[in-house]
Every structure is written in structure tokens, then in C-alpha cells.
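So the chains spell out like this:
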Amino acid sequence: MSMTATAGRAHADPHHIGRTAEHEGPAPKRIVTAYGFWIFLLSDIVMFSCFFAAYAVLSGQTADGPKGTEIFEPRNVAIETVCLLLSSFTCGMASIAADVRNRFWFYLGMAVTCGLGLVFLIIEFREFADLVSRGYGPSRSAFLTAFFSLVGCHGLHVSAGVLWLLTMMAQVFAKGFRADVLRRMMCFALFWHALDIVWVGVFSVVYLLGSGG
Amino acid sequence: MSDQTHMPAGHDLAPGDEEQHSVGARILGYVVGVVLALLLTATSFFIAGTDLVWQPSIPVALIVLAIAQMGVHLVFFLHITTGPDNTNNVLALAFGLLVVFLVVGGTVWIMGHLNANMPPMDQIMQMRR
Chain D
1 MSMTATAGRA HADPHHIGRT AEHEGPAPKR IVTAYGFWIF LLSDIVMFSC FFAAYAVLSG
61 QTADGPKGTE IFEPRNVAIE TVCLLLSSFT CGMASIAADV RNRFWFYLGM AVTCGLGLVF
121 LIIEFREFAD LVSRGYGPSR SAFLTAFFSL VGCHGLHVSA GVLWLLTMMA QVFAKGFRAD
181 VLRRMMCFAL FWHALDIVWV GVFSVVYLLG SGG
Chain U
1001 MSDQTHMPAG HDLAPGDEEQ HSVGARILGY VVGVVLALLL TATSFFIAGT DLVWQPSIPV
1061 ALIVLAIAQM GVHLVFFLHI TTGPDNTNNV LALAFGLLVV FLVVGGTVWI MGHLNANMPP
1121 MDQIMQMRR
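Protein chains in written order, with our numbering: chain D, 1 to 213; chain U, 1001 to 1129.
You can take every hint at face value.
Across the chosen pairs, the derived CB separations fall in these ranges:
no.	chain 1	residue 1	chain 2	residue 2	range
1	U	1027	D	130	34 to 40 Å
2	U	1028	D	139	48 to 54 Å
3	U	1098	D	129	36 to 42 Å
4	U	1124	D	166	52 to 58 Å
5	U	1057	D	125	31 to 37 Å
6	D	43	U	1082	21 to 27 Å
In case anyone wonders, no lab produced these hints; they're calculated from the structure. Using N, Cα and C, we set each Cβ at its ideal position, and we do this for glycine too.
From just these sequences and the hints, can you work out the full model?
This is the structure in C-alpha cells:
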């Protein structure tokens, strides 16, 4: 293939749909790693969609137990939402700091992210403990089973994210901003932002639709 | 595979990576994202508890606001764009969304019909006798 033909195709095909890979080697490792993690995140979101579907079907099956309006506290949910949203922002700040290799802002961003994540987890745990102590545990009705599994699954993801966050701080402390550490940091940022997207679905579908609609 | 952190121009972008900007421009992107997301969240919480709007429109409004906020997160935090260097990321996202809509939409649709067509429980018990 002549050079002019290649250039002409590149011009007519900006998205490289019909890309011929003969001249380019494999993509850089940063792209391959992040793309693989992106696929994992999408499959994780597909798994969450199953929990959402179960909740949508079962939300009316209260078995004479409490309805959503009776047990949800919008004020707590609003605080949780703001915590996760701001932690997504500080996580973004930390990843920018990692890219420019600024340790102080990296540690500060990650520490604030960790704190906000912990506040979220504490509020959620107290909500769950309060429900269980009032006898509204996951075995009370199909609605509560779906509620605890959906919101609890998200909470488990946030807990895993906090552990990962602390690991990233320790790795930067011990190894510095090496290329592999930076790749892990990028995957962590993707994970944390994806958790925030799932939470948008949770507070809209579970808490707001459950209490308003 | 090379271990470089930033790729040469004309290459694909990793999900989460943005095109080369200055630090200030990147921070500004996150600030715009967080402000938009906070506005949408506040609107959602306001709409859910207000009597000012026509009540049957509230669930639709909440779903639209949620989808808008997810879009804001995707664009400003995850940096998924429609640019040529993002084709693979967008295609993977599109397939994921297809599965999500099939699972949620299909479940709600089918289970709603089953519920509507099911006789009340006492009738079932009579049929069993």
C-alpha cells in the first residue's frame, strides 16, 4: 500500500474503524491495562444492573413489613451523596497530582478521598444497623432483601475501594511514582468514579423513587 | 509493550486519560464536573420532595436527572468522549449499556406482565383444590 493511500484512508476514517495494524505495534501498556479495567468495570455495572432489576421487581413486595417511605431518611442519603461526589472530585485531584508527581497534593487528595469514603461507610453502616435493630433486617420481606443486597453490594465495593486507596498511598510512599504504580492509580481512579456512577443510580432509584414516586 | 506513561500523538487514549492539557485546565474540568453533578443532585432531591410539580412527572424527572448526572460523570470524571482516540472505550461502553438496558428493561417488562396476569393468591389456592 502506498503512503498516499494510507494517508487518504486516515483522513476519510478518523475513528480508525478499518485500521490496518501492520505498521503499529501493540498499544502502550497504560492503554491496554486501563482498557482491560474499563471492560471489568462495565461487567461490574452489568452485575449491578441485575441487583437493580431485582429491586425494581421486588420493591412493592413488603409482606406487610415497612415500605420504603417509612424507613428512608433523605437527609442521610443527601449527606452520603455529597460525600461520594466530593470524594470523586478529590480522587481526580489526586490523580492529577500523581501525573505531575507532586507527593504532597497526592497524599492530601487521597487522604481527603479516604475520609469522605469512610464518612459514607459509617453513615450507611449506622443506617443498616438501625434497620436491623428495629427488626427490619434483610429477612423481613422481599423488598428489604433486595434493598440490603443492592445497597450493601455498593457498600462492599466502597469498602474495597478504601482498602485499595490506602494500598495506593503505601505504594507511592514505598516505590514512588513508578509507571506500574501510576497504572494502578489510574485503575483506582476509574473504579472510584464508576462507584459514584452506580451510587447515582442507587440514590435515584432506591431512595428518591422509593420515597417520592 | 512499552512502559511509557503518555502516548505519542495520534494514538488511542486509555479510559480515564484525557488529551494533553495543562494542570489548570484539567482541574477546571473536574470543577465544572463537580458543580454540574451537585446541581443535578440538588435538583433530584428537591424534585423528589416537592409539591410544586405535577406529581406523576416526578419519577420520569428523577430518571432523566439520574441519566444526565451519569453522563456528567462519564464526560468530566472518566473523560469518555466521542473523539477519534476514544472509539474503543465508547464501543465497550455502548455494549455494556445494551446489556444493562436488556437486563433491567426486560426484567421489569416481563415481571410486570406476569404480575398483571397472575390471579390473586386466594384464587390460586382454590384452583389447587
